[in-house]
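Fit chain P to the known structure of chain R by using the hints.
One letter stands for each residue in the lines below.
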Amino acid sequence: MVSKPHGGRLVRRLVADRTRERILSEQKEYPAIKIDHGRAIDLENIAHGVYSPLKGFLTSDDFQSVLDHMRLSDDTPWTIPIVLDINERTFDEGDAVLLYYGDLPIARMHVEEIYTYDKEEFAKKVFKTTDSAHPGVAKVYSMGKYLVGGEIELLNEVPNPFAKYTLRPVETRVLFKERGWKTIVAFQTRNVPHLGHEYVQKAALTFVDGLFINPVLGKKKKGDYKDEVIIKAYETLFEHYYPKDAATLATVRYEMRYAGPREAVHHAIMRKNFGATHFIVGRDHAGVGDYYGPYEAWDMFDNFPDLGITPMFIREAFYCRKCGGMVNAKICPHPEEFHVRISGTKLRKMIMAGEQPPEYMMRPEVYEVIRSFEKPFVE
Amino acid sequence: MADEKKYTTVSIPKPLYDKIKKRIEGTGFTSVSDYVTYVLREVLASLEEEEKEEVFTEEEEEKVKERLRALGYLD
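Chains R and P, in that order, give the protein sequences. Last residue of the first sequence: number 379 in this note's numbering, and the count goes up by one each step with no gaps. Last residue of the second sequence: number 1075 in this note's numbering, and the count goes up by one each step with no gaps.
Everything labelled a hint here was simulated from the structure, so no lab data went into it. Take the hints with a grain of salt, since some may be wrong.
[As the list claims (entries may be wrong)] Only pairs whose alpha carbons sit at most 25 Å apart, straight line, appear in this in silico DMTMM-like list of lysine to aspartate or glutamate:
{"id": "1", "chain 1": "P", "residue 1": "K1006", "chain 2": "R", "residue 2": "E113"}
{"id": "2", "chain 1": "R", "residue 1": "K182", "chain 2": "P", "residue 2": "E1062"}
{"id": "3", "chain 1": "P", "residue 1": "K1021", "chain 2": "R", "residue 2": "D302"}
{"id": "4", "chain 1": "R", "residue 1": "K164", "chain 2": "P", "residue 2": "E1042"}
{"id": "5", "chain 1": "R", "residue 1": "K177", "chain 2": "P", "residue 2": "E1061"}
{"id": "6", "chain 1": "R", "residue 1": "K177", "chain 2": "P", "residue 2": "E1025"}
{"id": "7", "chain 1": "R", "residue 1": "K232", "chain 2": "P", "residue 2": "E1061"}
{"id": "8", "chain 1": "P", "residue 1": "K1021", "chain 2": "R", "residue 2": "E374"}
{"id": "9", "chain 1": "P", "residue 1": "K1063", "chain 2": "R", "residue 2": "D245"}
{"id": "10", "chain 1": "P", "residue 1": "K1006", "chain 2": "R", "residue 2": "E121"}
{"id": "11", "chain 1": "R", "residue 1": "K164", "chain 2": "P", "residue 2": "E1061"}
{"id": "12", "chain 1": "R", "residue 1": "K220", "chain 2": "R", "residue 2": "E178"}
{"id": "13", "chain 1": "R", "residue 1": "K125", "chain 2": "P", "residue 2": "E1060"}
{"id": "14", "chain 1": "P", "residue 1": "K1022", "chain 2": "P", "residue 2": "E1042"}
{"id": "15", "chain 1": "P", "residue 1": "K1022", "chain 2": "R", "residue 2": "D302"}
{"id": "16", "chain 1": "R", "residue 1": "K232", "chain 2": "P", "residue 2": "E1025"}
{"id": "17", "chain 1": "R", "residue 1": "K164", "chain 2": "P", "residue 2": "E1048"}
{"id": "18", "chain 1": "R", "residue 1": "K232", "chain 2": "R", "residue 2": "E121"}
{"id": "19", "chain 1": "R", "residue 1": "K164", "chain 2": "P", "residue 2": "E1058"}
{"id": "20", "chain 1": "P", "residue 1": "K1019", "chain 2": "R", "residue 2": "D306"}
{"id": "21", "chain 1": "R", "residue 1": "K124", "chain 2": "R", "residue 2": "E113"}
{"id": "22", "chain 1": "R", "residue 1": "K244", "chain 2": "P", "residue 2": "E1066"}
{"id": "23", "chain 1": "R", "residue 1": "K182", "chain 2": "P", "residue 2": "E1025"}
{"id": "24", "chain 1": "R", "residue 1": "K349", "chain 2": "R", "residue 2": "E379"}
{"id": "25", "chain 1": "R", "residue 1": "K182", "chain 2": "P", "residue 2": "E1042"}
{"id": "26", "chain 1": "R", "residue 1": "K177", "chain 2": "P", "residue 2": "E1058"}
{"id": "27", "chain 1": "R", "residue 1": "K232", "chain 2": "P", "residue 2": "E1066"}
{"id": "28", "chain 1": "R", "residue 1": "K244", "chain 2": "P", "residue 2": "E1061"}
{"id": "29", "chain 1": "R", "residue 1": "K177", "chain 2": "P", "residue 2": "E1060"}
{"id": "30", "chain 1": "R", "residue 1": "K55", "chain 2": "R", "residue 2": "E151"}
{"id": "31", "chain 1": "R", "residue 1": "K55", "chain 2": "P", "residue 2": "E1060"}
{"id": "32", "chain 1": "P", "residue 1": "K1006", "chain 2": "R", "residue 2": "E120"}
{"id": "33", "chain 1": "R", "residue 1": "K55", "chain 2": "P", "residue 2": "E1061"}
{"id": "34", "chain 1": "P", "residue 1": "K1063", "chain 2": "R", "residue 2": "E21"}
{"id": "35", "chain 1": "P", "residue 1": "K1014", "chain 2": "P", "residue 2": "E1025"}
{"id": "36", "chain 1": "P", "residue 1": "K1065", "chain 2": "R", "residue 2": "E239"}
{"id": "37", "chain 1": "R", "residue 1": "K182", "chain 2": "R", "residue 2": "D306"}
{"id": "38", "chain 1": "R", "residue 1": "K55", "chain 2": "P", "residue 2": "E1048"}
{"id": "39", "chain 1": "P", "residue 1": "K1065", "chain 2": "R", "residue 2": "E235"}
The shape of chain R in the complex, shown without the other chains (with noise of 0.2 Å):
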């Protein structure tokens, strides 16, 4: 059996079709809170389950008691603050109001609280920084001064422009039944496939029924992979590669926060409500610079023994001269000299030089793939 929602009930907060028009019918007569292409993501997320049990922003004692215990406050993990910050209050606690991206209505809220909080504390306990370099501190930093919390209820969509390849977790629960996968293992990517990653998911699914790969897709930073790059690349791979039976590919969206080993239990979480049984865990998962050691997330997940989602800990794949193949450090005895890393840094300046990398670095297909995007990376 593919694992049970977290925290029991798998979310789902999308009105009937009747109650949206009346609503929508109604739209003047709500505060309106403008959002960020991120908190929309936020909120798509959890009408769809993908923040289960989330039903909307969390109120100031879910808050506090994730930055202190990494636990909403009923005790089930949790790691990441998923919050709505505004600058001024205009409208009161028991509002209702209707969220905007841009001049979409895509939420109604019901307001429960608006509350004050301390962004230096919530940068430290999330992101063991303050510093400002770091991308998720330098987001906390530039939100609103209170934080909103209360339910929501999705309206519309938000313009997707991969609805093909998003699947969401009510469609991977039912689509694992129907292939017969009791075990699923999620690997979560942002990047083009290559050899080490492949090596990675493999050795995984050698112990459960299915891979699930599951790109993250949404804001990018320059030199980064376009979405549809990174979609066509596995696509081919799973062509060529994949046991057609025992793989699957679908994308979600999210914004990364950069928070390193909290946001790998996060992860794991959003998988483990899209039906996953495991979680790949990778080097220096949801890492940025060096605020985190290389597996400071594998030690995280000891703090819950009640996650519901079984982390799987492979090693960082390289290419040994002397094997002959992809290994990794503990299964390779031999000395640092006869070892490839694969960097994905290093393959890009490759591509984008116009060099092909060898093919232990990266399957041809893929490179062709690439190849084919006259831009492939984001400008």
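Just chain P now, with coordinates in the frame of chain R:
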């Protein structure tokens, strides 16, 4: 801001307490309470794991299957 998370006290036999205290020496657990909390969470989680629950109705499931077929995920 919310109050600190509330804790409560439970009683366990003194010999068991002493046994646990000895057992956690040199581990990451800083107190018997921490260890007991850890064990109880593990036990509760494994019990909850056994309770099955339907996530959606048959009608919903059929609708989802149709979409999955249309997208090429199912034959």
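Status of each hint after checking the structure:
Our distance criterion of 25 Å between C-alpha atoms is met by P/K1006 and R/E113, whose separation comes to about 20 Å. At most 25 Å may separate the alpha-carbon atoms for a hinted pair to count; R/K182 and P/E1062 meet this at roughly 20 Å. Taking the CA atoms of P/K1021 and R/D302, the gap is about 19 Å. The hint holds against a cut of 25 Å. Among the hinted pairs, R/K164 with P/E1042 is inconsistent with the structure: their alpha-carbon atoms are about 38 Å apart, more than 25 Å.
With a C-alpha separation of about 11 Å, the suggested pairing of R/K177 with P/E1061 holds against the 25 Å cut-off. The suggested pairing of R/K177 with P/E1025 is violated, with an alpha-carbon distance near 45 Å, which exceeds 25 Å. For the given pair, R/K232 sits about 29 Å from P/E1061 by alpha-carbon distance, which is inconsistent with the 25 Å threshold. Taken as a hint, the P/K1021 and R/E374 pair is broken in the structure, with Cα atoms around 64 Å apart against an allowance of 25 Å.
With a C-alpha separation of about 22 Å, the suggested pairing of P/K1063 with R/D245 holds against the 25 Å cut-off. Taking the CA atoms of P/K1006 and R/E121, the gap is about 20 Å. The hint holds against a cut of 25 Å. A C-alpha spacing of about 18 Å is found between R/K164 and P/E1061, which places the hinted pair at or below 25 Å, so the restraint holds. In summary, the hint linking R/K220 to R/E178 is not supported, as the alpha carbons are separated by about 34 Å, beyond the 25 Å threshold.
This hinted pair does not check out: R/K125 and P/E1060 have alpha carbons roughly 41 Å apart, beyond 25 Å. Under the criterion of a C-alpha separation no larger than 25 Å, the hint pairing P/K1022 with P/E1042 is consistent with the structure, at around 20 Å. The suggested pairing of P/K1022 with R/D302 holds, with an alpha-carbon distance near 20 Å, which does not exceed 25 Å. Annotation: proposed proximity of R/K232 to P/E1025 is violated, straight-line Cα distance about 52 Å (limit 25 Å).
Our distance criterion of 25 Å between C-alpha atoms is broken by R/K164 and P/E1048, whose separation comes to about 34 Å. Of the pairs offered as hints, the one joining R/K232 and R/E121 is violated, with about 41 Å between alpha carbons and a cut-off of 25 Å exceeded. Distance check on the hinted pair: R/K164 and P/E1058 sit about 23 Å apart at the alpha-carbon level, within 25 Å; holds. With a C-alpha separation of about 24 Å, the suggested pairing of P/K1019 with R/D306 holds against the 25 Å cut-off.
The suggested pairing of R/K124 with R/E113 holds, with an alpha-carbon distance near 24 Å, which does not exceed 25 Å. Proximity of R/K244 to P/E1066 is assessed by CA-CA distance (about 20 Å); at most 25 Å being required, the pair is judged to hold. Proximity of R/K182 to P/E1025 is assessed by CA-CA distance (about 39 Å); at most 25 Å being required, the pair is judged violated. For a cut-off of 25 Å, the pair hint linking R/K349 to R/E379 stands: about 14 Å separates their Cα positions.
Our distance criterion of 25 Å between C-alpha atoms is met by R/K182 and P/E1042, whose separation comes to about 21 Å. Restraint check for R/K177 and P/E1058: satisfied, since their Cα atoms lie roughly 13 Å apart, inside the 25 Å limit. Restraint check for R/K232 and P/E1066: the C-alpha separation of about 24 Å stays at or below 25 Å, so the hint holds. Note on R/K244 and P/E1061: the hinted pairing holds, with a Cα-Cα distance of about 23 Å set against a maximum of 25 Å.
The straight-line distance between the Cα atoms of R/K177 and P/E1060 is roughly 14 Å, inside the 25 Å bound, and the hint therefore holds. A distance of roughly 5 Å separates the Cα atoms of R/K55 and R/E151; the hinted pair therefore holds under the 25 Å criterion. Between R/K55 and P/E1060, the direct Cα distance comes to roughly 20 Å. Compliance with the 25 Å bound is thereby established for this hinted pair. Proximity of P/K1006 to R/E120 is assessed by CA-CA distance (about 23 Å); at most 25 Å being required, the pair is judged to hold.
As the CA atoms of R/K55 and P/E1061 are separated by approximately 22 Å, the hinted pair is consistent with the 25 Å bound. Among the hinted pairs, P/K1063 with R/E21 is consistent with the structure: their alpha-carbon atoms are about 22 Å apart, no more than 25 Å. Taking the CA atoms of P/K1014 and P/E1025, the gap is near 17 Å; set against the 25 Å cutoff, the hint holds. Taken as a hint, the P/K1065 and R/E239 pair is honoured in the structure, with Cα atoms around 23 Å apart against an allowance of 25 Å.
With a C-alpha separation of about 19 Å, the suggested pair R/K182 and R/D306 falls inside the 25 Å cut-off, and the hint holds. At most 25 Å may separate the alpha-carbon atoms for a hinted pair to count; R/K55 and P/E1048 meet this at roughly 21 Å. For the given pair, P/K1065 sits about 21 Å from R/E235 by alpha-carbon distance, which is consistent with the 25 Å threshold.
Violated hints, listed in ascending order, are 4, 6, 7, 8, 12, 13, 16, 17, 18 and 23; each of the other numbered hints is respected by the structure.
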